[in-house]
Amino acid sequence: MSIMIFIFAAAVVAVLAIGVVGRLAAGPTVPDRAVALDTMNTFVISLMMMLAAVYDSVVMVDIAIVYAALSFVGTMFIARFIEGEV
Amino acid sequence: MFIFVAIFVLIGLAFNLLGAISLYRFPDVYTRLHGATKCTTFGTLFSMFAVVAYALGRLVMTGEARFGVLIIHSAIAAFVLLVTNATGAHALARAAHRSGLMPARAVVDRLEEFDEVRAKREGAQV
Amino acid sequence: MFIFVVSFLMYLLLVWSGGGIPLIEILIALGVASVVTVAFRTWNRERAVRSGRLDPKRVVDFLHYLFGPFAVGLAKANIDVAKRVITGEIRPGIVKINPGLRTDIARTLLADSITLTPGTLTVDVDDDGTFFIHWIYVEDEDPSEEQLYGSFGDWARRLAE
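Protein chains in written order, with the numbering used here: chain A, 1 to 86; chain B, 87 to 212; chain C, 213 to 373.
What the hints contain is simulated information worked out from the structure, not anything from laboratory work.
In this text, all values refer to a predicted model and were calculated from it rather than measured experimentally.
Every residue, glycine too, gets a C-beta built ideally from N, C-alpha and C.
Be aware that one or more of the hints could be misleading.
Stated by the list, open to error - If you want the ones that stay clear, here's a sample from chain B, every Cβ over 10 Å from chain A, calculated: (1) 149; (2) 152; (3) 155; (4) 162; (5) 193; (6) 198; (7) 199; (8) 200.
Said to hold, decoys possible - Facing chain B, according to a computed beta carbon distance under 8 Å, are these residues of chain A, among others: (9) 7; (10) 11; (11) 25; (12) 29; (13) 84.
Stated by the list, open to error - A short list of chain B residues far from chain C (calculated; beta carbon distances all over 10 Å): (14) 99; (15) 121; (16) 142; (17) 144; (18) 146; (19) 147; (20) 148; (21) 151; (22) 159.
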């Protein structure tokens, strides 16, 4: 029962992550695109957490932690790039 | 346990949806950051609560240690997400302002005034 | 030392998978923690991270803060932003405030708390600790600490100075 709920929620979050692509493509400025990318990363982490419960694997949560850390590094790097320091 | 999982998942989905909508609804990058950072962090936090509730239920039912491991790792992921998302939003906001993007429809912008004063002072010293 | 203990415990927490922990993992944890500590010291030589002292009371206080005022603020912030997303009622602006925090840890804690609490987002922090905060609904162009973030300034002072 719970598994069904998680599968449904994972599908909805995946749709949301794809929906954000609109802002990623349209965003008038570079920071707008960066915000959209950041949001997408958070959705992907959410998705990974729920799929970890569905497939019963702790490894996916570990990957989600590493993904969060890497997306943070990516966001910081994009921010530096926008500031013009790279 | 099923009730808790369902409630947490629904709250999480609602806030994730609001976060995605705020990207399209707000006029400029700063207000978008508000919606995107707060709502998605909160929504993802609630998806993690749902996973924790599910794992706790399974842990009590089966007594297998790997569900305990799932809880610990979810908690670490939640903490990492809480810190990195807020800091990333801060970095993006600062970068946007330094690159010369002004907040739309702003009633007051103390940072711009501050930057002008600093630029004048440094110009005078040179 | 703090960094060493935290990375050591974090590594063990991540490799623990239900049973006991083999000796080799403890040795690897010691190695990883040493590398992280040396790297941290090396990269921070020029501008040392100024942090307050750490004692168990502060850890307890921090957990109290995390699950008490911070959790309440986070929930309120989300309901507030959700309302603004639906109604579209905004009056944005950037205000400045100087809470007078000296240590980097305290400033980071306050900036992160501000970002995750009602209607505010830290944009920039000056060298002398002035915060520039994007406020989604400006009530006052020169606000007090109380109006902006409630008791978080006191908490940051108490936890990390």
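Q. Which earlier hints can't be squared with this structure?
A. Hints 2, 3, 4, 9, 10, 11, 15, 21, 22 are the ones this structure does not satisfy, whereas the remaining hints hold.
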